[in-house]
Amino acid sequence: MKASLCLATAVMCSALALGACSSTRLGGPPVRSANAAPLVPAAPVEAVPSGPVEAAPLPPIEGAPLAADPMAAPANPEIAGLPPAPPPPTIGGPAPAPAAVPAPASRTAMVGNWSAQTSGGSCRIQLSSSPSLDLYRASASGCSNQDLSRVNAWDYRDGEVYLYQTGGAVAARLRGSSASLSGVLAKSGAPLSLSR
Numbered sequence: 001m002k003a004s005l006c007l008a009t010a011v012m013c014s015a016l017a018l019g020a021c022s023s024t025r026l027g028g029p030p031v032r033s034a035n036a037a038p039l040v041p042a043a044p045v046e047a048v049p050s051g052p053v054e055a056a057p058l059p060p061i062e063g064a065p066l067a068a069d070p071m072a073a074p075a076n077p078e079i080a081g082l083p084p085a086p087p088p089p090t091i092g093g094p095a096p097a098p099a100a101v102p103a104p105a106s107r108t109a110m111v112g113n114w115s116a117q118t119s120g121g122s123c124r125i126q127l128s129s130s131p132s133l134d135l136y137r138a139s140a141s142g143c144s145n146q147d148l149s150r151v152n153a154w155d156y157r158d159g160e161v162y163l164y165q166t167g168g169a170v171a172a173r174l175r176g177s178s179a180s181l182s183g184v185l186a187k188s189g190a191p192l193s194l195s196r
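Quick note on this note's numbering: the sequence shown kicks off at 1 and runs consecutively.
Worth double-checking, as some hints may not be accurate.
Unchecked claim - Listed next, the in silico SDA-like pairs over lysine to any residue satisfying Cα-Cα at most 20 Å (straight line): (1) K187 to A169; (2) K187 to S128; (3) K187 to S149; (4) K187 to T108; (5) K187 to A109; (6) K187 to G167; (7) K187 to D155; (8) K187 to G168; (9) K187 to G120; (10) K187 to S132; (11) K187 to E160; (12) K187 to C143; (13) K187 to G121; (14) K187 to T166; (15) K187 to S119; (16) K187 to N152; (17) K187 to V170; (18) K187 to R175; (19) K187 to Q117; (20) K187 to Q146; (21) K187 to Y162.
Hints are computed from structural coordinates only; laboratory data are not their basis.
All chains should be built: construct the whole structure from the sequences, respecting the hints.
Below is the structure:
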């Protein structure tokens, strides 16, 4: 009984609210209460003329340092610590030849036979493309240096060749190209160079 009474009340309230709204929505006269203020017609609004929009930089804030024009070259580049800007390219002229940039080395470019040179003499190092766990196989022959004679693996990471000994210790780190590498032995810090 209580639920049906609440439902009936809700339906009646909804019907009254919809009835009040429908008279203004359907074009009927607006329903006004007796205490409502009288309707006053609004003054006509004057249209704003349209035209082109112009942009200009804002004036500097008083007391703030002036910002440098990022497109302008510094008056004295030695003071600014920067080299002078290059001249703008000429239109229609011949394009300058690009500078010769050596091709980046890769792991596959390092594979092969190398002649190793240390302060103790020279020997042969072979870097193979055969995987050995997470490294690649390597071998050394004729090396009087004990660290180099134990080299059995290698890797190429971040532009460096790493030579590893049995047990996983780094024997040497080298940098260079596919024709020559230079670096140091890990334990002694002695210089080491590899060439084809």
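Consistency of the hints with the structure:
{"no.": "1", "hint": "K187 to A169", "verdict": "10 Å, holds"}
{"no.": "2", "hint": "K187 to S128", "verdict": "24 Å, violated"}
{"no.": "3", "hint": "K187 to S149", "verdict": "14 Å, holds"}
{"no.": "4", "hint": "K187 to T108", "verdict": "27 Å, violated"}
{"no.": "5", "hint": "K187 to A109", "verdict": "27 Å, violated"}
{"no.": "6", "hint": "K187 to G167", "verdict": "15 Å, holds"}
{"no.": "7", "hint": "K187 to D155", "verdict": "18 Å, holds"}
{"no.": "8", "hint": "K187 to G168", "verdict": "13 Å, holds"}
{"no.": "9", "hint": "K187 to G120", "verdict": "14 Å, holds"}
{"no.": "10", "hint": "K187 to S132", "verdict": "23 Å, violated"}
{"no.": "11", "hint": "K187 to E160", "verdict": "17 Å, holds"}
{"no.": "12", "hint": "K187 to C143", "verdict": "16 Å, holds"}
{"no.": "13", "hint": "K187 to G121", "verdict": "17 Å, holds"}
{"no.": "14", "hint": "K187 to T166", "verdict": "14 Å, holds"}
{"no.": "15", "hint": "K187 to S119", "verdict": "14 Å, holds"}
{"no.": "16", "hint": "K187 to N152", "verdict": "16 Å, holds"}
{"no.": "17", "hint": "K187 to V170", "verdict": "9 Å, holds"}
{"no.": "18", "hint": "K187 to R175", "verdict": "17 Å, holds"}
{"no.": "19", "hint": "K187 to Q117", "verdict": "16 Å, holds"}
{"no.": "20", "hint": "K187 to Q146", "verdict": "11 Å, holds"}
{"no.": "21", "hint": "K187 to Y162", "verdict": "13 Å, holds"}
Checked against the numbered hints above, the structure breaks hints 2, 4, 5, 10 and satisfies the rest.
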